[in-house]
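Asks: Residue numbers (the UniProt record's numbering), protein chains in the order written: chain A, 1 to 321; chain B, 1 to 321; chain C, 1 to 321; chain D, 1 to 321; chain E, 1 to 321; chain F, 1 to 321.
Please note that a few of the clues may not be correct.
To be verified - Taking lysine to aspartate or glutamate and the EDC-like style, the derived pairs with C-alpha atoms no more than 20 angstroms apart in a straight line are: (1) D:213 <-> E:236; (2) B:310 <-> C:239; (3) D:149 <-> D:10; (4) C:310 <-> B:237; (5) D:31 <-> F:74; (6) C:149 <-> E:298; (7) F:311 <-> E:298; (8) D:213 <-> F:295; (9) A:137 <-> A:175; (10) F:71 <-> F:6; (11) C:310 <-> B:239; (12) B:9 <-> F:23; (13) B:310 <-> C:179; (14) B:311 <-> C:102; (15) E:61 <-> E:91.
To be clear, the hints were calculated from the coordinates, so they are not data collected in a lab.
There are 6 protein chains.
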Amino acid sequence: MKKIYDYQKDDQVNLYVLIKSADEKITRTNKPYLSFTFQDTSGEISANYWDVTPEDIEKFKPGTVIRLEGKREEYKGNPQIRINAIRPAKEDEPNNPELYVERAPINKDKMVEEFNHALFDITNANMNRIVRFIMKKYQHDFFQSPAAKTNHHAFMGGLAYHTVSMLRIARSLSEIYTDLDVSLLFSGVILHDVGKVVELSGPTATDYTLEGKLIGHIVMINEDIVRACRELKIDEDHEDVLLLKHTVLAHHGELEYGSPVRPLIPEAEMIHYIDQIDAKMNMISSALRKTEPGEFSERVWAMNNRSFYKKTYINPASDSK
Amino acid sequence: MKKIYDYQKDDQVNLYVLIKSADEKITRTNKPYLSFTFQDTSGEISANYWDVTPEDIEKFKPGTVIRLEGKREEYKGNPQIRINAIRPAKEDEPNNPELYVERAPINKDKMVEEFNHALFDITNANMNRIVRFIMKKYQHDFFQSPAAKTNHHAFMGGLAYHTVSMLRIARSLSEIYTDLDVSLLFSGVILHDVGKVVELSGPTATDYTLEGKLIGHIVMINEDIVRACRELKIDEDHEDVLLLKHTVLAHHGELEYGSPVRPLIPEAEMIHYIDQIDAKMNMISSALRKTEPGEFSERVWAMNNRSFYKKTYINPASDSK
Amino acid sequence: MKKIYDYQKDDQVNLYVLIKSADEKITRTNKPYLSFTFQDTSGEISANYWDVTPEDIEKFKPGTVIRLEGKREEYKGNPQIRINAIRPAKEDEPNNPELYVERAPINKDKMVEEFNHALFDITNANMNRIVRFIMKKYQHDFFQSPAAKTNHHAFMGGLAYHTVSMLRIARSLSEIYTDLDVSLLFSGVILHDVGKVVELSGPTATDYTLEGKLIGHIVMINEDIVRACRELKIDEDHEDVLLLKHTVLAHHGELEYGSPVRPLIPEAEMIHYIDQIDAKMNMISSALRKTEPGEFSERVWAMNNRSFYKKTYINPASDSK
Amino acid sequence: MKKIYDYQKDDQVNLYVLIKSADEKITRTNKPYLSFTFQDTSGEISANYWDVTPEDIEKFKPGTVIRLEGKREEYKGNPQIRINAIRPAKEDEPNNPELYVERAPINKDKMVEEFNHALFDITNANMNRIVRFIMKKYQHDFFQSPAAKTNHHAFMGGLAYHTVSMLRIARSLSEIYTDLDVSLLFSGVILHDVGKVVELSGPTATDYTLEGKLIGHIVMINEDIVRACRELKIDEDHEDVLLLKHTVLAHHGELEYGSPVRPLIPEAEMIHYIDQIDAKMNMISSALRKTEPGEFSERVWAMNNRSFYKKTYINPASDSK
Amino acid sequence: MKKIYDYQKDDQVNLYVLIKSADEKITRTNKPYLSFTFQDTSGEISANYWDVTPEDIEKFKPGTVIRLEGKREEYKGNPQIRINAIRPAKEDEPNNPELYVERAPINKDKMVEEFNHALFDITNANMNRIVRFIMKKYQHDFFQSPAAKTNHHAFMGGLAYHTVSMLRIARSLSEIYTDLDVSLLFSGVILHDVGKVVELSGPTATDYTLEGKLIGHIVMINEDIVRACRELKIDEDHEDVLLLKHTVLAHHGELEYGSPVRPLIPEAEMIHYIDQIDAKMNMISSALRKTEPGEFSERVWAMNNRSFYKKTYINPASDSK
Amino acid sequence: MKKIYDYQKDDQVNLYVLIKSADEKITRTNKPYLSFTFQDTSGEISANYWDVTPEDIEKFKPGTVIRLEGKREEYKGNPQIRINAIRPAKEDEPNNPELYVERAPINKDKMVEEFNHALFDITNANMNRIVRFIMKKYQHDFFQSPAAKTNHHAFMGGLAYHTVSMLRIARSLSEIYTDLDVSLLFSGVILHDVGKVVELSGPTATDYTLEGKLIGHIVMINEDIVRACRELKIDEDHEDVLLLKHTVLAHHGELEYGSPVRPLIPEAEMIHYIDQIDAKMNMISSALRKTEPGEFSERVWAMNNRSFYKKTYINPASDSK
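Take the sequences, apply the hints, and build the full model.
Replies: Structure representation (structure tokens):
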């Protein structure tokens, strides 16, 4: 099934999309219209629907899957759709909204399996118990939550997917740098962003919660470690606990990025870099996915506003993949 | 009783001082000597004691009060003492080491009274209970602890004295900015640096503890609020608790100074400035205390290395004070 | 009388407002319309008035108070008014434009009284004479001028009100830090922003003057001290004069904020902080005034683009106020 | 065989070391002495040798292995040796200087093998030819050169070892991020620091060469790609060549770290992070190697002057390794 | 002949202009129109042409000179034209597009002459040969190319004009600082920006090329020196070559501005400043050309967003010029 | 006559020098000695004179020219002299201290002539009168004063010499950028650093004065313009005066370098760059004067700690100079 961003400028468009938002507006000549944002797994696009009736407004609410006919245009450099005709998708058509939302490229069962594998390798008893306690508390939301509001992994399941990718990197780096404490490394990776489950308001229309803004996910997960220790009767002054807390608190790497302490043990430094790599690779590949070979992507604000180049040649090595 | 810094360069010196440190060294010609730091409430000064015997080393240990005769000199721009004669202070002489250590200029009873007055004005029940719970836990050490290792209020009782001064400012500013929530303002002031009781190793030979370095006093006090809520059965999601936590977490003002969040409510912004004012006034007056009128002080590292000027004129207004 | 910002989105609006600006424009279909900014003491709002006649343009000039009927809407996230009907206010209606302009919350007489009180406490003769000389020159404009073009205290009388607030803080801090020279502290506070009388073009449609841009208010007040000394035959090399100049020149605290020297005496450092506190408290409370309890304000550009939280609970202590 | 840093403060020392430097100096009383730096694979330490004869000076030249008897002391916080007796190592003693120099922990043959394996995986013909051409030119020095003058991998073979570690990371990350072009990634890793062979003066007494200072290793390797293309008749305008150059030029990540362009393709961004990880892990483990469990290391200048903590507990998981 | 910016706001306009761009758009009521940018040597201005026919779209393509009647207006603070009538310029009218494009104020022949004069003064044989070799390669494009996409000298011939101005400054400064090596100074000036010929896509619709973005003009000219040496059999290790390369590489002055090395010889430092002076004077005079006396210019982004003042008085000295 | 820095390390030294400073010290074994700084026009060097008598101390006071025999050595990387014998210079020997002090390379008469030439070209009457008034006030000290305490032109007459060099550059640039107002450019150059006459304590043992520290030379010269206008009855609101003040106030270019305003007219921007060029060229050539060809200089703190390279080759062009 063709997607929005499979069409070029000036192409006739004919496809199913999800209405992400639908704002009622009026023209300067006082006529009502709907300002839509449509969405499928290839991205989002806006469109205006002129001269709407009250019935239209009722019919085309956010969350509705529609059949869209129109033309792919550009307005002030941004892609938009000129609508010829729209109607709600029918019963026998692909009308499940979840089909149109970006999600992690591996399914939840596979991710749970990888988490369990990592938990198994956390042989330090204190750390293992703390991690299990906290993950149990958040297990449902953790696999739904995005990893950020807008920057990287900003989709349903993004947080778990980001964490799984980091576990994979952590595993391979622990084989290269054999001095690293695997229990601490894996525990830190699993917990580092769990606070985002509470910091962010959930997978759709994601925003920061009050607690997210006033306390922040870094300190929130530290609080959860405190609570876990009290429940599990683990001595908070034990070095295991101090190091685990430190690893989570320091994972942004520098004070100016919101960590109250900078990494002072190798595992903390490593988790910071693993987090960076996975976030940045995700942002670059998101940007390049919407870019033609031989062109530069739109600017990526969270990467110093850089614009990335998509190469034109096909490497023989990746041909056969 | 005359103090070290009451003497000028080249004066003959004749006074009681405390040995703060005494390092055994040898000259290039292999002769043993003691490198002393002497101390009284006016400050510290170094001195070398040549050709020492093993008995001398035994006799002149750190913590001993001695009678010192010598000459106030300068070596590479720093004041030092040339020792003519030293002997331990006798029974009937002022040989209590505590007499020679800098301490808060108001006594503990007076400070406790001011704290109780402030606690009385915290009418918000949640905040009042949390503050009392935490202060009870640290009450002994709180009145002993310095407020910093080297920068400001780095003396026994300095933490309590710094906090009392801040309460005074907070009280007067709350009368000018009447929208401020007094309960939150006072609670935040009292708790903001309590974590230093654990972050620093105590009033003498102060250093950072392991927990101080890996977690930091800002997050440590946040943990104590979490623990207090659990003990006191206070709902941690209550706005009272969130705001109190936020006020403490944000009091360094900017991420790069170690606060994981920046102030987002007026009370948090105000506490940040009150903290700044008291710390800076303390550092400037410490520097000026050792400076002659009409001269510039030594450079103050924690204030961008500025050197402050001590004015020469006497204002009639302050004459009569 | 209800004000603009007492209405919610989609409310019918029925009130008197002042026309702050009225720009003639044409629609894409070549029809003339007026783009208004309306104002009352609760803030400003924009509105378009379609299909205007030349008589309308004549009738609805800036400075006119009008009766407005319409609807409170939002356009691209900003509040605006959809006009149903407007007419100029009549004789027996509240048609004095001054009623609609934000102004200092204490009246001029009260402010003059506080200034005189402060002048009385400047016992240093040189400083007292210089301050009186300069204030006499600017006395009219000083009580009219805003303290800034857009950031803090940007309203008629804002400069005097800002200075009075700072004097109150200075007075209470001088009682806590008794080493401070009250004459210098008060003189510095009074003079620190007087240059803004000339730097800014006045209380309405405030902009920077040529001199304001090329010289700046910090250096301009220093020039006035030079001129005062010459008129009053005060020796410019006297330490009193140097310190007063320094206090004014250094009040922005850091070179990058426009002070040609950093504070090198305690009074200069203190005035910098007092200025900061009053400016920031004013900006936060302006932002929170337009914010609903439990919500975050619009971003405040001059405070690192922070958005402030308005708490929901009522503190019992402030109930009775 | 016990090494220098196996001894504690105040231990009697009895071991073989290499003289790294030996400066003739005179005491204030005009007596000649030698100021030594001794070295073995555990680190470096200084010592003064008093009252030397001209024969001593001749006998104890840099590069000589000696038998050292003395005492491990501290002078101004730095470890030093008080010499009791020294003599050159004899024929039947371990007198080969190479035994005392730090070197890569894997031998050259193993490293060559890993390089060949990586070269085999560079299936892009242009890149493969360019990389082979350049590596052939530097093959001898590449396996001798340190990777830096002082910071990370500052030992014989350090450059090759650093590159091999990066290849291992690159290989495992290319399995996680399967979009990455393996040819480009491996080519970029191999070439990124080859310029250091010329930028640095060699494995002992390493310093920057004139070309190193005026041109820099980043631009120097770019020049080598230009030269390789001309020799191999490869079209310099081919995207393969542009991307390879870009990857090398951008590997410092930011302009302020000396890259004339920032990474604009995913492989360049990734190489930057791989380089960071390996450099930082090397610096941390160097610092921790000289640190006691439960203590903080000396400050590491190239890592923002941080001091790292060496944990005390033994993780069961690493016991069995 | 009167130019666009000779007209004031609200003037009737009657002149020939070049169509720089013409974008087809539609109004909200679905009517097609053309959004023009017109251009002459005084600057650029935009205009909308309503209700266009397909013939209009064909007739008014970019690159066409037209006769324009209309009115000079302002829209949101920017000047624009309200079109009354337009038609293509006729045969006997000034219809050559080149007449409307900004260009260097001195002609090519004069610039070539100054270059030859400078080349003559490069007496160092190596440098002279390298400079001639490279300039020969680019001679055509060099005199067409702008010096930047938007900032300074962004017009046809701008690169050559910028370089000629710099040569004039270099010549006069070399007479004041007689230690400077004239050969190196002139060679560095001539080559410093030659890479822009390839970095930028040419004199019209200027953009960065792929090579310009991935490699950058600084490194590109360094590559050309490498190639020149190989063709001319000049030893690349000769100090002449190293210094010339260094001068070009370092001319941006600081790493963060894209130079991979900072200036380490006086000629490199000097070229950096000469470049700055000419770029900044060009930007200021461009901004002031569009500014009325006694007013401030629009903000100049590349000069920290400053807005420059155009003085009102006429200096007698410049009267007679 | 051979100078200090004409000697190499380990050379026997035999020459006349000036005693710049002579500090009495004692050895650890309580013997008095003198710690000298000697000086001639090639630079400064330190030396210790052991076992001095009170007569020696009397005889070898600062300001005395002596005959020195000794050896040029190095101590911790810094050159020093080992004294064999010293005696005061005799009547018939070169005993005038002024012969040993670095000074401007052109004499005062020549500089005065250049100033007069520049004054003649300031045709704007207001500026001409202001400049003459201020220069008359400082004429004596201006030609004695250094331009800085340590950085650039830190020698007797350095201020005037720096200003003359800037006038030369200003003259030649005004011929290239003919829009510049010559009166303003020359006036700004002459006045820009005159405040240093008062900011610095004079040509020997230069330090900052109290006024220099509290007010700064930039604001001090602005005050002098105010005073000049009052004496000369020039209207301070005249644009001539505003622009001249602005030019002086803005000459440091950026707020963080101490200018209270940034340059907003082309003449101010140009003066900033001219000042930079002359200061930096002076610092580089001072550093290179003490450097061997083919070597790098000591680090220059005020130029970001760079170390400059002295080239080895002789350019044929400069041979004949």
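Asks: Do the alpha carbons of residue 61 of chain E and residue 91 of chain E lie within 20 angstroms of each other, as the hint requires?
Replies: It holds: about 17 angstroms lies between the C-alpha atoms, which stays within 20 angstroms.
Asks: CA of residue 137 of chain A to CA of residue 175 of chain A, is that 20 angstroms or under?
Replies: violated (31 angstroms)
Asks: Checking one constraint from the list: CA of residue 310 of chain C to CA of residue 237 of chain B, max 20 angstroms. Satisfied?
Replies: holds (16 angstroms)
Asks: Residue 213 of chain D and residue 295 of chain F were given as a pair; does the straight-line alpha-carbon distance stay at or below 20 angstroms?
Replies: holds (12 angstroms)
Asks: Taking only the CA atoms, is the gap from residue 149 of chain D to residue 10 of chain D under or equal to 20 angstroms?
Replies: Violated: residue 149 of chain D and residue 10 of chain D sit about 31 angstroms apart, past 20 angstroms.
Asks: Is it true that the CA of residue 310 of chain B sits at most 20 angstroms from the CA of residue 179 of chain C?
Replies: With Cα atoms ~11 angstroms apart, residue 310 of chain B and residue 179 of chain C stay inside 20 angstroms; holds.
Asks: Residue 310 of chain B and residue 239 of chain C were given as a pair; does the straight-line alpha-carbon distance stay at or below 20 angstroms?
Replies: holds (11 angstroms)
Asks: Take the C-alpha atoms of residue 311 of chain F and residue 298 of chain E, compute the straight-line distance between them, and say whether it is at most 20 angstroms.
Replies: Given that 20 angstroms is the threshold and the Cα spacing comes to 45 angstroms, the pair is violated.
Asks: Given the hinted pair residue 311 of chain B and residue 102 of chain C, is their alpha-carbon gap at most 20 angstroms?
Replies: Answer violated: residue 311 of chain B to residue 102 of chain C is near 42 angstroms, above 20 angstroms.
Asks: Holds or violated: are the alpha carbons of residue 310 of chain C and residue 239 of chain B at most 20 angstroms from each other?
Replies: holds (11 angstroms)
Asks: Is the hinted pair residue 213 of chain D and residue 236 of chain E satisfied, with a Cα-Cα distance of at most 20 angstroms?
Replies: Holds: residue 213 of chain D and residue 236 of chain E sit about 15 angstroms apart, inside 20 angstroms.
Asks: Check the hint pairing residue 9 of chain B with residue 23 of chain F against an upper bound of 20 angstroms on the C-alpha distance.
Replies: holds (15 angstroms)
When the structure is compared with the earlier hints, violations turn up for hints 3, 7, 9 and 14 and for no others.
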